Each structure stands twice: as C-alpha cells, then as structure tokens.
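Engineer: Residue numbers (full-length UniProt numbering), protein chains in the order written: chain A, 1 to 246; chain B, 1 to 350.
In short, the hints are calculated from the structure, not lab data. Do not take every clue at face value.
Covered stretches of chain B (in silico footprint by chain A; criterion: 3 or more residues with CB under 8 Å from a CB of chain A, positions within the stretch not fixed) [what the hints assert, rightly or not]:
#	stretch
1	180–194
2	230–239
Short derived list, chain B residues pointing at chain A, Cβ under 10 Å [to be verified]:
#	residue
3	55
4	56
5	220
6	221
7	222
8	224
9	225
10	226
11	295
12	331
On a predicted model such as this, the values are computed, not experimentally measured, just so you know. Note that the Cβ used here is the ideal one computed from N, Cα and C, for glycine as well.
Each chain is listed here by its residues.
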Amino acid sequence: MSLLELDDITKSFGAIHALQGVSLSIRPGEALGLMGDNGAGKSTLMRIIAGNFRPTSGAIRIEGREVHFHKPIDARNSGIEIVYQDLGLCDNLSAAANVFLGRELKKSFGPIRYLDYKTMYQRSGEIFAELKSETRPRDLVRQMSGGQRQAVAIARTRLSDPKLVLMDEPTAAISVRQVAEVLTLIRRLKDTGHAVILVSHRMPDVFDVCDRVAVLRRGTKVADKRISETTPEEVTGLITGAIGAA
Amino acid sequence: MSDMTNQDGRVRPGQGPLGHAEIDESITSRTETSGWQAIVRTQPFWVLMAILVIGLVMTFVSDVFLTERNLFNTTRNFAFFGIMALGMSAVICTAGIDLSVGSLMGLAGVVTGLVMQAGYGIVPGFLACMGVCVLVGLINGVLIAYLRMAPFVVTLGMLAMARSVSMVISNNKMIYDFGPDTELYLWLGGESVLGIPNPVWVLIILTAVFGWVWRYSTWGRWVIAIGGNAKAARLAGIPVERILVSVYVLSAVTAGLAAFLLVGWFGSVTNALGTGYELNVIAATVIGGANLMGGVVYALGAPIGAALMELIRNSLLLAGIDALWQQFFVGLFLIIAVLLEQIRNRGKSD
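Pulled out of the complex, with its shape left as it was, chain B reads as follows:
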C-alpha cells in the first residue's frame, strides 16, 4: 500500500500548473495510507494503548496485578464477553443490535444443564445448547430481515421471552448435577491448557477465525457491504435478508458458546445466568471500535473491548475502590468511546 502514498498531490514534471480539477482530485485522493498508519487510525489500537497504560499504572498500584493468578482470572473473565462480542460485532456491523444475548445465555445454560442432568452426556448437551441458540437467532433474524421489524424491538421482546422460558423449564431451580460427563464439563469451562484458560483458547481461536472471515470471506465482505449501504448491496445481488438472518444466528450461537463455557466454569446454572450481560457485550463491542451506524467491524475489537472492561473491574478491585463503581466506569468508557468515534468522523467529513 505504501508505495502509492506520494504519487499524487505532487506536481509532475513537464506539466504546467495544476488545473482546478486536478488540484481538487489530488486533494481528495491523497488519503491512501500505509498499513501501519491504517492500524494507528483504528479504535482497537487506541483501546489497546489504553489497556497497556492502565496495566502499567496498575503494576505500581498493586503487587497482585501482575501475578499469574490475577492475569489468569482476568483473561478468563473477559473471554466470555469477548466471545459474545465477536457475534455482536457482526450484528452491529449491519447497523443492528441484539439485546437478547444475556437472556439467551440463561436459556442456553439451563437447556444444557437439563439435558446433561438427564444423563445424556456432554455432546447432546452441547448440541441442545446450540440448537436452542440457532432457533432463537433464526426467530430474531427472520422477524428483522423479512418482516422488517426494528432489531431493537425484536431482540428486546426476545430478551423477555427467553428469560421467561428459562425460568419455566428450570422450574426456578439451580442445576449442579451434569450427569456422567460432569467432570469433563467442569474441566472444559474451568481448567486450562498450557497455562491458558480453556475459554480464552476458544476466544483466541474464534478471533483468528473472524479475522480471516472479515478479510477474506465473501460472507464477511457482504456483511460489511450491508452495513455500508444495504440498498446498494441489494442492487448488487447480495441476498441481504439471508445474510441478516445469519448474522443474528451467529450472535445467538456465540452467546450459547459463552453460556456453555460459563456454566462449565461455575459448575452450576440458574435461570439468572447472563442477566444484564447484553449491556456489557454491547459496550465491549462499541469500545472495541464497532460503529452503531454500521459498516465497521474489527475482529480484534471484540477481545480488546472486553479486555478493557474487565481490566477496569479488576483495577478498581485491586485499587480498593468499591466494586459498586464498576458499572459507572463501564458506562463512562462506553460514552467516551462513542464520543471519540464522533469526533474522528467529524474530522473526516470536514
């Protein structure tokens, strides 16, 4: 990319003074940037810088911060949000929103628990968890894409309904017996491989997969195109409705995956699992650089946004500040992230 940076905007030898149109064009086209400059311009980069700064400060404030135990816990805690934020990024990229992910976690967790409690083993438990999520995602997606309902309303309704169903089928009881595969399940959610917690592995792998998908897959390209200009995408022959449905299914599936791992870590599940998580996931996604107007997505933004939020929580805790302040800072960072985005956009359009 960098080899083209300076070609324009320079008077070429042998040509007289530039005409107005040429000057005009040289100004508008002198925007190509090198790979490094492109990275520096992205929001995930700046959030990552913020993480490093906070981390640096915390090493001085607290002796505990850099301990293996603390880093292990911190990374595992944000893995669940990071996984869901990957799915939410896709939804937000289409200028949609999915408020149902928190409730869906409850439903998916309870379904997993019930199936495994009945002695079916971990594979049927996982498939049931995924099945329920695909179904909920399909309902959300079809209502939004084909019936043209507002994503906010549809998923808000689903938020209430999914939570209610999880209360009904769990009979409001806690499930802590996961049948014959209990041990394997608890290992999956709570233990680690090569010193890295299993949910973090899942997050790492999924982030890599999404990084590839956003850059190299047709599906990813189409999702970004729909977020940029849905009408143009439709005229170009992209099956906009089907892609929208797939995006909501994806978001639901990542919520199910997070729920599955989270229950394995907790070793128990109640129908309150994931209450309020939708806000944290949306905040992580937006802090990670997603634009609520659509058309912008970064695979790395999801884990980075989730990491910043968990880091704030952890830092407050270690700094001895009341944990009740946590949501205040999450909200504050959310607002700052959106504000920064707006300031940058204003700079672009001027």
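With the rest of the complex left out, here is chain A:
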C-alpha cells in the first residue's frame, strides 16, 4: 500500500493555476526525486504535503486514509517531516536546542518542570554520531558551516521517527564532501523503511539515491518513471519541455 498518495491535486491562487491535477504516490522505503524548473509547482506541491497550503481540490491519503492538513503541525502528526531549504533553524540557539525546538525534553522537580539539558545534549549527540556528522550539540548554529546546519535540520526529523521525510534542495548550498554525507543519510532513511521525497535541481543526486523521478512542468506532472528506465538527458528534456511527456 502507498504510504502517501496525492490524488488529482489542484491549487489555484486567484487566476494562477499552480498545480493542475497532480497525482503522486510513494511507498515505504522508497525515494522519489521531484524535479522541475523554477515555477513548475514543486514548492507549491511541497507546501501542500507539508500542511502550509490546502489544495483547492483533490485528496491526500496517508496509508489509505484521507487526511486534511490545516497547519504544518497536522502533517507532522501524520508522520511527515520536512527539511526546508533555509533549514528553519534559530541561529541564536545551540544545535541541541534546535534539534529539540518545540518538543523540548523536561524534568520535574515537584510541580516545577525544567529543561533537561543533559538528556537533550546526549540524545542529539547520539543522532549526530549516527549521521556521522561532526556537529557538536553545544555549538551555536550561528557558528556552523552549511553541512553542519544541514545535519542539525536532518537531526530534527530523526526525533519523531517519521514515515516520510520531505527534503527541499538539501544539497544546494554545501560542499562536495557534505553532499555525499547527505546522500548517505537519505540511503539510510530508505534502509530503515522511511519514504523520502527529494526536491532537487541536481540531476546526479537524484540519479544517485532515488528509485523514481517525477517531473513537474507548468503545474502538471509530465513524467513519473523508475530511475532505471530513464536517463538524465530524458529528464532534462522533460523539465525544459524539449520532450513533451513520458
């Protein structure tokens, strides 16, 4: 059964039709590359999955059940975690504070509840170790490199053990070595049964880790193929419109 199923999703902003009848499904353990030129509707589709926008029409089903996301928190409660391109980190807080932001661990002393620094440092340290990242829990995010920030954002998603991780251009602003790290992480997510949607402009990344690639052009899905059955050249053609549909 599909983990996430989008059925005939349409989204209009006034007279602008950002998405027209897009259907998409993804199974557990599968990585889907979502590609398309700027303005093709990738980010609108992403925001619908993330619960930022509600579709004008169409249905979203998770494990066969229809869901309605009113706020991002609804999507998260349904097992969808998003790594945003700007990562959504607070520069003035430590790595651990960012990992646990909004779901801080607390200890009780009588009726008083206070932040459990020790466990949060320890737990986020473990996650960073798991990600093979050198990020240290106590460091301020302000002082971190692009790759370390990425690790913090990804570590956030690991806390809730989500079913689906949606990543928006995770490799856009980091060094070559760190790209390899992020791709390794995506593989690890797949191995543990997570579904991954990778929104990316980078053809090599998609062909490296994804099982399928879906291409959007001007708000419609023009292709949805297995990676083994397509080539970067074909996908490029589909994105630019040189190839109509496949």
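Given chain A, work out where chain B should sit, using these hints.
Structural biologist: This is chain B only, laid out in the frame that chain A set:
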C-alpha cells in the same frame, strides 16, 4: 564546556594533512568557549565593569558616594527601572518594543490609588493594578501578534491612550489618601528589610526568577527562539502568537509592579507618574545587553543596565555637575552600547 575546547583545530595523529573540508570545519567549529569566556563576552559583564570603574572613581571624587544612605537611595531608585527592564528584555528579545510602559505606570498607579482611596485595602488595590496591566498588555499583544501590527505603532498609540485614561479617571487630582492600609502601603514601597529597600528585594527575586526562566523554562526557550527566527519557531510548532501576547502582558505587569511600589514610596500619585520612563527602561535594557534585532536576553542585564543609568545620575549629582546633563549621558551611553554591539557583531560575521 571547557573540556571540548581544544579537540578540534588540531591535526590528529595518524592522519595525513587535513583536507580542505576538514580545515574549513575545524576553523568554523573552533568557537566553543569555556563558561568564563562566555561570561566575559557578554555585554552585561562589560557594563558591570564600567559600573565598578565609575564607582571606584566616585569614591575618590565624593565622600558621600560610599555612605550607606547614598547607596540605599541609589539602589532603590534603580530598582523600579530594573523591574521594568526585566519585562522589557522579554519584549525586545522577540524583536519588539513596548513604548507604553511609562504611561501604563501612570494608569496603574492612579487605579491603585483610587481603589485604595475608596477604602478597599491593599490586596484589592494590588489586584486592580495588575488587572489593568494585564488588560493593556493583552490589547498590545493581540494587536501585535494576531493583527500583525508594528509593535512601535501599537504601543505608541497605547502610550497616548493610557496616559489620557489616567488623566480622566484621576480627574487630574493627586491621590495621597490610601485608605485603611496606607501605613502598610507606604512601608512596602518606602522601607527596607535587612537594610535592603523593599523594591530592591523585589528586583533581586525577579532577577533570580528570570535567570531561571531564560535558562530552564520552555517558555523562555521559545521566546528566545522567536527572537532568533520567528518563522523557524512557527514551523517547529511553537505557538508564536500566544507567546508574543504573553511577552507584552509580562512587560505590562512589570510596569504595574514598578508603579505599585513607586506610589508606595512617594506616598502619593498623580497621573503624571512614569512620564518618559519608557525611554529610560528601553535604554537600561539595551545597555544591559538586549539586542533590538531580537534573540538576545540576559536576566542580569536588566538590573545592571538600570544600575549604570542610576549611577550616572548619582555621580553627576555628587560631582556637582548640573542635573540637567543627566539625560545627555543616558543617551550617550545608549548610543555607545548599541555601537559596541554592532562592532562586536561585525567581528563575528567576518
């Protein structure tokens, strides 16, 4: 913290020359500091140093400076600003501002006076004072958080409205009769326990509470997160609007508390109470290390900033300089504080 300081940035044995990425990372991550270094880097620390230096100079300039009487008065005077600066710190930490605190003091003081004058006693007087402040804070907060209005505009409007209401309900008369609890009220605001003025006790306790709140409470963590990146905070599921409202309520309540104590000390209240105080409170907060761009807060910054301002006033007085120069120096220190902050930030981003 200090045990991690030197782990990176050093070539580990058994590894060849560092690759570019590793060098890059070792440079960017070699910023962890020990607890002491972290304290030395904060603005409150340097302001405290300035206070000690000015204090040291003043002991030579004036025989009166170190007398018990002078220190007693000085600490009590800055307690009121310090209490309000604690609330203002929270507002400024969210990158907001609350200009209404001075006027609100007038309103809260007059309301307290009227309730107690009518013979209701000190508890109803205090509750009425707090009630009015919570209401004003809620109005400020809701307009700012839910209607997305600029804090500057909302609280500027409230500055005018609160002052006007206090004029109307006081009928422009001074209140000096506080009913059956007058004696208790005057003791509360004007006397001391163990040689420390009561308002200073309130400031000490509140500073300790806020020190805990900023470090150990979820609410404090969320306020700091909102100041750092409100969008990220919202995505993380933090109820940003509700937290913003609570911050403005808090600022209003600290203004009410200061007004309540100040009226008890003066032994009378007019609707002019607190006129212009918003500037002093904001200055104290900023001098104490708050960043108007948000995301930075120190509990100790509030009393330290307020102390520096009162010390300047007291020093000018004792040094025989015309008191009219006081605001000049408050403004000067405010500008210097912001300038220093900018210079330090420039150093960080380079």
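Engineer: Hint by hint, work out which the structure violates, then give me just those numbers in ascending order.
Structural biologist: 1, 3, 4 and 12
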